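As given, the protein sequences belong to chains A and B, one line each in that order.
As numbered in my numbering, residues 567 to 1128 make up the first sequence, in order.
As numbered in my numbering, residues 17 to 474 make up the second sequence, in order.
It should be emphasised that the hints constitute simulated quantities derived from the structure, not laboratory data.
None of the values given here were measured: they were computed from a predicted structure.
Glycine residues also receive a C-beta, built at the ideal position from the N, C-alpha and C atoms.
Be aware that a few hints might be false.
Straight-line distance between alpha carbons at most 25 angstroms, and here's what the computed PhoX-like set of lysine-lysine pairs gives [stated by the list, open to error]:
#1 B:301 <-> A:868
#2 A:918 <-> A:868
#3 B:301 <-> A:1005
Beyond 12 angstroms from chain A on every Cβ pair, some chain B residues (computed) [to be verified]:
#4 62
#5 130
#6 253
#7 255
#8 290
#9 466
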Amino acid sequence: MKNVILMTMIAGLSLAACQGSGIVDGTIQEPNTFVKGEEGDKDKKPNVIIDKDGKVKEVDPEIEEKLSTRCTDRPDTLGGVPLRILTTTELNLALEKLFPSLELEHFDLTARDTTTGVFVRNSTENITPTHVVEFRKMAEAVAGQVHDEVEKVADCTSTGSEELEVKCIRDSIEQLTTTAFRRPLEAGELDKYFTLYRVGDEINHKEGMRYIVEMILQSPSFMYIFEDANDAKHQLSGREIAQHMSTMFTQNLPDDALILAGEDGTLFTTMGRIEHARRLVESDLGQRTMKAIVSQWFGINKIHTTPLVDLEDSAIVSGAELESERFISEIVNEGADWTKLLTSDFTIVNEKMATHYDIDLTNAEDLGDGWFKAKTGYSAGLLTHSSFLSVEGQRSVYRGHRIWTDFLCGNIPGAPVVEFPATFEGESDRSKADKRMAKSDCASCHAKMDPHGIALDLFDKVGRRRTQDEYGNALTSDGEFLNPDGSFTTIKGPQELAIELSQRKEARGCVANHMFTWAFARHKTSADSCSIFDIEYALLTNGDNLKEALIQVVASDAFIQR
Amino acid sequence: MKLLARNRRVHVSRRQFLKGATAAGTVGLALPILPSLASGAQSEFPKRLVVLCSGNGVPRPESSWVPTSNGSGKITSLNEILSPLQPHLDDLLVLEGLDLEVGKSQYQPMGGFHAHERGLAGILTGRPLHTGNFEANSGFGTGISLDQYLANKMSGETAIHSLQVGLNSPLQNWRNRNALNYAGDNQPLYSESDGSVLFDQIFGEGVQEPATVARIRKRRQSVLDMLKADMGKVEKRLSAKDRARVEQHYTAFRDLERVLQDGQSSCGEFAAPAFAGRDWMDESKMDGTTDFQIEQMVQALACDRTRISTLQFGSGLGALNLRMIGHTDSWHSLSHDSDSDGGAQDKLVELNRYIAGRFAKIIAEMKKIKEGDGTMLDNSLVIWVNELGKGNNHRYDDIPIVMAGNLQGTFKCDGRHVQLGNRSSNDFLITILHAFGYNENVFGLPELCTGPISELLV
């Protein structure tokens, strides 16, 4: 790899146009390196870090130097999680947990899901009247099934006496409501629900349970995830800690062990939280959640919604998604090292995808079910997957934009309100990029996008290798990587792009940002720098293991403060 | 109603149904003439507002959009894009020279970087965006939109506060802010493209045997009573900011309740499609899905379930492709191609002509509803707006606006083309307020308001 090259066209950058995008006072900031004076004294070091075994240790200055984040004023609280509404995944898992003996349909509310950062974490931004109608449809469908199979949910008809029958029904209602609402019932609450049951029970028991289930599944106590904002102690309750950890690690309602740990005080201890976090992250749902985190980060499932993909061949679309899912599974199952997502030299393909990529399966490992583990010819992991490359189409500016925003956590303002130059009809992406970069107003932002994207130029919009573009222009993959000081490092192809990304501390800082966003379902603020520092520290000291990074989030005392 | 297999019939409320209303010609709809009510004056019919919004401006506006008119402004011929509106020429008012000033940088003090988002949020609010954050380029809008403002004024008069109808409009799109409607500062409302959800919102339980309907209503009302109580309990545990957020949830509960209580009698029947398996976001099937969305919206207006509705066609920044007209291109990408790229511009003209066809469909459906001596269109204002003037340069000047209906004689929609000479879109919003009887002289940013545009009003 060539060393740093300062591109002459950058010398005259107009930085004003890109304010708020990582450029302050004329220098390009590393994403998590806060401006001195704004974040406090950089020389003031945090005293301690909690390691993976829950032990408190002095921060190692040598490690700290390798981090992009600084923590100078450790807060007592992490500010809690914002009010949000269940995601499609969370809803369906909750239904499975509430009604394990029913075979429920999958309710697809993904069109209503919203993202925070790169993740589906649903905020309250998307609560609309029709959203409430959609929840009613879901609730009535489930309640209808409960009505038809009531014996699987509340079999109270053969208890022998009216008194026992009432007790059975009340127990069933209490079980369902406390599980769904993630809290014990208040005084008189069960009586109120039993009264509702009685209205339906005027017809029969089945109808009574239908009333109850319809109410539960439309209740704000079920639909919303929130913490009590009016508690003067600002400390989460054991139930709230359990809820937070459960949604964070498994996207599900808390299991019995976690609820018990919340109630008996275990979750108020660092070791207690770490042990339960480790248990959850290694569970089936925990593994599934970790794969979802990676998948959403890389935008794998967006292949279905991009209009640029060649949708005529649905086998390629589904094959590409499965390829990435299988690849992610392998990485997550074997150490969850995020750098390997970028640098692995293999992929997992079926014959259709092998043909698509022109991969020779002769020496591939047969994994069964028609899937093979094969060398790609690149060591660029997901960067050369169709699912990744197709998301933003083949234009290098879009691909570069993703690299900058999702892997370096930089910001790019939207396209400016200017008279665009005439389209460079028939020109290569490189030629277009050169012209944009030669214009200082454009280069201030495009320097962060185009050079990174061009490193992927040898792949078309569905990830096939190509040597020329649609206009017949010969292509190369000689991109550049923007350095914090505004200079560029030359990179050739996806492999060197992957190396740069996996070795840059600002990229690791970006991973830490992502893990924070997932854990708290909100964007970071300047007050969160110590949390992100801790995650980044955990990544660096634990082989870049994403699971350990997420576990680190719950270790601090501040985690249980609101 | 093409494409729609009728397997559900909904009895729509008559309680507030309009005096003398009929719906001749609407397939699946049978609203009887009520002679005792038929002679009411026009003013006894409610005023309605319908706004269709599309994105990315219009291509080659001078040659493809601007109509030809004579010296007095009377349109003599419609251009390529507006040609589907020819049957309704005498009901139209085509505006030029209306500028979406609030989209311009000097009125976006908090950033609001993305041109499309500025335009989309600004066209009905007249206000800028909040600043963006780490991942999203732009924040949400900073004030209430005109439709919501008017709906609030009419609050309680109809079962449903307002409708936000999506025509393949995404609820969200990655990092972009795709909301046209705002209940207030930072309170976006997304348009609903799933016709089955909208159907349930408008027509409630609808359906079936009276005894079954009564049983469903009783259950829903009992459950709703409990839910409202639970909402109150949850609200007490939320921060003030979050309480404001869930206010929309409360509104939804109230709407559901009113639809329930409104369902004591029927004003007609409306045939619903077979919903199962329908992909409401499939561009290649937009003819059928948009027809249905428009028809059920008009039916909701006809039965006075609501008086305010917007329709959002796709999203300028969204992932919409052009399969509805036989092309696979991305709308947004295409909109950035240069004026000299004839192929791209031709496709954009074709798409905008398609949207004009949707607008024509709205007008036609409203004309089918007889109200007194006229039609529902006479009591309504129907407007087609855009988030931009032109897509490839993100121009905010010359927003293409087409109007129809005269709102009980308050608007001059009579086949004219009016050049407004750079009036602010805020003034346009004020003009609409005046037409609805609210003589307010500020809407949105005060510095962009000079008062109603007199040449548009009778």
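* To do: Say whether it holds or is violated: residue 253 (chain B) keeps its Cβ farther than 12 angstroms from all Cβ of chain A.
  => violated, 5 angstroms
* Report holds if the minimum CB distance from residue 62 (chain B) to chain A is greater than 12 angstroms, and violated otherwise. => Non-interface label on residue 62 (chain B) holds, nearest chain A Cβ at 20 angstroms vs cutoff 12 angstroms.
* Does residue 130 (chain B) really sit off the interface, with its C-beta more than 12 angstroms from all C-beta atoms of chain A? -> violated, 3 angstroms
* Asked: Is it the case that residue 466 (chain B) keeps its Cβ farther than 12 angstroms from each residue Cβ in chain A?
  -> At roughly 23 angstroms from the nearest Cβ of chain A, residue 466 (chain B) sits farther out than 12 angstroms, so the non-interface label holds.
* To do: Sort out whether residue 868 (chain A) lies within 25 angstroms of residue 301 (chain B), counting only the CA atoms.
  => Holds. Residue 301 (chain B) to residue 868 (chain A) sits at ~21 angstroms (cutoff 25 angstroms).
* Does residue 1005 (chain A) lie within 25 angstroms of residue 301 (chain B) when you go C-alpha to C-alpha? -> violated, 43 angstroms
* Asked: Given the hinted pair residue 918 (chain A) and residue 868 (chain A), is their alpha-carbon gap at most 25 angstroms?
  -> Answer holds: residue 918 (chain A) to residue 868 (chain A) is near 20 angstroms, not above 25 angstroms.
* Outside-interface status for residue 255 (chain B) - nearest CB in chain A farther than 12 angstroms -> Not fine: 4 angstroms to the nearest Cβ puts residue 255 (chain B) too close to chain A.
* Any Cβ of chain A at or closer than 12 angstroms to residue 290 (chain B), or is the non-interface label fine? -> Holds, since 16 angstroms exceeds 12 angstroms.
Hints 3, 5, 6 and 7, counting from the list given before, are not met by this structure.
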